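Asker: Sequence:
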Amino acid sequence: MYVNDTHPDAPMFEQFSRGYYLGRLYVEPRDDAAAAMCREQHERVNEQLYASGEGVERTDYPLVMKLGSQHFAVHGDEQVPADTLVVPETMLADANVRNPPSLEEVFLAKADHAAQLLSISEGTPTLPDTAV
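Heads up, the sequence shown is in the UniProt record's numbering, so the first residue is 1 and it goes up one at a time.
Treat the hints as calculated values from the structure; they're not laboratory data. Nothing here was measured: the structure is a model prediction, and the numbers come from that model. Take these hints with a grain of salt, some might be off.
[What the hints assert, rightly or not] Beta-carbon label-pair distances, calculated as ranges:
id: 1; residue 1: 99; residue 2: 47; range: 25 to 35 Å
id: 2; residue 1: 70; residue 2: 31; range: 12 to 22 Å
id: 3; residue 1: 31; residue 2: 112; range: 28 to 38 Å
id: 4; residue 1: 39; residue 2: 101; range: 14 to 24 Å
id: 5; residue 1: 96; residue 2: 47; range: 23 to 33 Å
id: 6; residue 1: 14; residue 2: 112; range: 17 to 27 Å
[What the hints assert, rightly or not] Here are the simulated EDC-like pairs of lysine to aspartate or glutamate, each with C-alpha atoms no more than 16 Å apart in a straight line:
id: 7; residue 1: 66; residue 2: 112
id: 8; residue 1: 110; residue 2: 43
id: 9; residue 1: 66; residue 2: 14
id: 10; residue 1: 110; residue 2: 31
id: 11; residue 1: 66; residue 2: 104
id: 12; residue 1: 66; residue 2: 31
id: 13; residue 1: 66; residue 2: 28
id: 14; residue 1: 110; residue 2: 47
id: 15; residue 1: 66; residue 2: 94
Positions of the beta carbon are idealized from the N, C-alpha and C atoms, including for glycine.
Could you build all of it, start to finish, from the sequences and the hints given here?
Answerer: The structure is reproduced here in structure tokens:
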């Protein structure tokens with residue numbers, strides 16, 4: 001489980017099911033077509049929840065999140081504040097997010113589930129076999 005730096009006693013993502021972790025992030029619109037979160041938090045979540053723990057591993061692979069009924073890849077971005085998920089504006093309406101920024105439940109796919117979801121998305125890199 002990833003514990004965020006701003007509230008050390010509060011986990012950013014908690015165990016939810018066999019396929020997902022559950023977290024709460026501030027969701028707000030972004031002009032860019034790609035979803036992103038704070039780069040530092042992205043790397044830590046990637047390291048703690050997607051890495052196998054064997055040797056040196058990349059921490060820049062996309063995380064796979066679900067907001068509403070949509071799955072999407074999330075990258076790290078230095079311009080995104082901590083505890084925030086920025087998504088294309090069209091996703092906000094589809095996920096029924098009103099009056100952003102809004103604190104919303106966000107699902108983070110576990111490594112094996114994320115690898116499957118990414119592998120079926122065109123043009124999206126998959127996680128290495130060691131992460132699943």
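Asker: Between residue 66 and residue 28, is the straight-line Cα distance small enough, at 16 Å or below?
Answerer: holds (15 Å)
Asker: Could you grab the alpha-carbon distance between residue 66 and residue 31 and see if it respects the 16 Å cut-off?
Answerer: Given pair residue 66, residue 31 is violated - Cα atoms ~19 Å apart, limit 16 Å.
Asker: For residue 99 and residue 47, compare the CB-CB distance with the range 25 to 35 Å and indicate the outcome.
Answerer: holds (33 Å)
Asker: Could you check the hint for me, namely that residue 39 and residue 101 are 14 to 24 Å apart, CB to CB?
Answerer: holds (18 Å)
Asker: Holds or violated: residue 110 with residue 43, Cα cutoff 16 Å?
Answerer: Holds, at about 15 Å.
Asker: Is the hinted range of 12 to 22 Å satisfied by the C-beta distance from residue 70 to residue 31?
Answerer: 18 Å Cβ-Cβ, so the 12 to 22 Å window holds.
Asker: Holds or violated: 17 to 27 Å for the Cβ distance of residue 14 and residue 112?
Answerer: holds (18 Å)
Asker: Tell me if the straight-line CA distance from residue 66 to residue 112 falls inside 16 Å.
Answerer: Roughly 15 Å between the alpha carbons, so the hint for residue 66 and residue 112 holds.
Asker: Please verify whether residue 66 and residue 94 have alpha carbons no more than 16 Å apart.
Answerer: OK: residue 66 and residue 94 at ~12 Å, within 16 Å.
Asker: For the pair we were handed, residue 110 and residue 31, check the Cα-Cα distance against 16 Å.
Answerer: violated (28 Å)
Asker: Between residue 31 and residue 112, does the beta-carbon spacing fit 28 to 38 Å?
Answerer: holds (33 Å)
Asker: With the threshold set at 16 Å, check whether the alpha-carbon distance from residue 66 to residue 104 stays at or below it.
Answerer: holds (11 Å)
When held up to the earlier numbered hints, the structure conflicts with 10 and 12 and fits the remainder.
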